[in-house]
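S.K.: Same order as they appear, the protein sequences are chains C and B.
Heads up, the first sequence is in our numbering, so the first residue is 1 and it goes up one at a time.
Heads up, the second sequence is in our numbering, so the first residue is 1 and it goes up one at a time.
It is worth saying that the hints were derived from the structure and are not from the lab.
Since this is a predicted model, take the numbers as computed values, not measurements.
Every residue gets a Cβ at the ideal spot worked out from N, C-alpha and C, and that includes glycine.
Do not rely on the hints blindly, as some may be mistaken.
[Claimed, not checked] Covered stretches of chain B (in silico footprint by chain C; criterion: 3 or more residues with CB under 8 angstroms from a CB of chain C, positions within the stretch not fixed):
1) 142-155
2) 158-167
[As the list claims (entries may be wrong)] Residues from chain B that keep clear of chain C, each with C-beta distances beyond 10 angstroms, as calculated:
3) R7
4) V11
5) A90
6) L240
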Amino acid sequence: MEKPLDELVRLQGVGMVYQSSRDGERVEALAGIDFSVRRGEFLTVVGPSGCGKSTLLSLIAGFAAPTSGSVLFEGRPVDGPDPARGVMFQEYALFPWRTVAGNVEFGPFARGVDAATRRARAQTLIDLVGLKGFERRYPHELSGGMRQRCALARMLANEPTLWLMDEPLAAVDLQTRIILQDELLRLWGDARAGAQRPTVMFVTHGIDEAVLLADRILVLGRRPGRIKEVLEVDLPRPRAALRGSAEVARLTAHLWELIRDEAAQAIAEETQ
Amino acid sequence: MSRAGARFGAVALPLSGVAAVVVVWEVASRLAANATLVPPPLTVWRAFAAMQGSDLPADIGASLLHLAIGYGLGVGAGLALALVAASSRALEAIVDPFVEFLRPISPIAWIPLAILLFGVGRAVPVFLIFYASMFPIFVATLDGIRRVDARLIHAARSLGASRRLVVTRVVLPAALPSVIAGARLSLGVAWMSLVAGEIVGGDAGIGWRILWYQEFFQMDRVMAAILIVGVLGLGADLLLRALQHLARRWNPAAAESAA
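Produce the complete structure using the sequences and hints provided.
M.R.: Encoded structure:
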């Protein structure tokens, strides 16, 4: 039995149906999702394309309302976005007309934090994510990895309780990806034993990444998107040391077993 | 081509084009056409020089005033209507049919009515300019707002931005390049309507002066005035183009893709 305090997000019978904009067809993106996100855990979400991973995240972010069931955050129904639920998007979604500093400051600015405080906080975060010296640059002047660091700093500037991350590392090259994984873990508090860590919900296509980062893995199936399995990752932290280890490889293989058939099916349908 | 060569070409090519047209015009009007009806460039140039001491500055001033009032009101109304239409589907459903119906009607079609309503004078060209400049900026702004990346709005909302802040800090900056592109299109049609309005229903301005010179059969001055209209229109467009460049300084590359 979980204590109520341990659950930060609760999904009760969540279903999502929408009309496809292409052919007006009814698409059942999610069905019957019952799940709780535990406070302080690093949860990764995997599944084949079209399993509703991103939809699930946007429901918790409050960008959309479920067509059935309910989404609770800290015991209260989610209605609309909130700075306590920070979001990092697949393709960065930085404001292109704002500099790095301007992007990172946006959250505190929107919430009415005074200029001196938000500037200081932005600078701290910019240093923390390794963008020192790039404060005055515009997003288009940055590499993919730097843009993603900027997006991370922008999300962190509001000190959100929950980090909702939608394939944040999908658009960067493999080496950058490994470095950013390590940095993400560091910022989250991977190395601090028993620390009060933020809660992370991290959607990814990378099954190795899903294993390496996670305390738990939520495996979704498709048509409709539903929970297939929840895997506990009982590996010690810090995790960076486990990269390439036999345990990670074994879990990755197991995870692949779970989603292989449906992933192949998804590809077959897409290429039709 | 080298950098210096490219820059030379950017100036030299248009200039040589102009020179060629002037030469052909000069020769054609002397050999083929009636030089009184279609005066050659040299005659036009002399007429232009002679006009300096005349009412030319006052004419240009009157036209620019027509433009400033009509264009200012038209662009303001077009922008406001676009913001209203963008704020809700229901309001768009109300506003859009009117715009789509009125937009294809040439401003010139309204001249007889405008003359009856306002009488011959400033109000006719001002009204025409207002009417003409409203639509391009409306269409471009609404389109620009519609194409704002939804993720940017989501990002702002999840960072704590109020709806008002989303409009002023996300939607408007993202749509700004489209707004300025629309303002340029509006300026083009405004300038054309200005001449039409002044000729048919005005009592001052460079367009009105074209008709005046025609009545005195001063075709060289007619041509000079037409060329002045062209040069002023070009100047106004260059101003807006500079503004457009400024608005996109955060990413010149994204200007066309509107990313």
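S.K.: Run every hint past the structure and note whether it holds.
M.R.: Status of each hint after checking the structure:
Under a criterion of three residues with beta carbons nearer than 8 angstroms to beta carbons of chain C, the stated coverage of the stretch 142-155 of chain B is upheld, 5 such residues being counted. Here's how the stretch 158-167 of chain B fares: 6 of its residues keep a CB closer than 8 angstroms to some CB of chain C, so the rule of at least three is met and the hint holds. Under the 10 angstroms C-beta cut-off, the non-interface status given to R7(B) relative to chain C holds; the minimum distance is some 25 angstroms. Once the 10 angstroms rule is applied to beta carbons, V11(B) is consistent with being away from chain C; the minimum gap is 30 angstroms.
Once the 10 angstroms rule is applied to beta carbons, A90(B) is consistent with being away from chain C; the minimum gap is 19 angstroms. No beta-carbon of chain C comes within 10 angstroms of the beta-carbon of L240(B); the shortest separation is about 19 angstroms.
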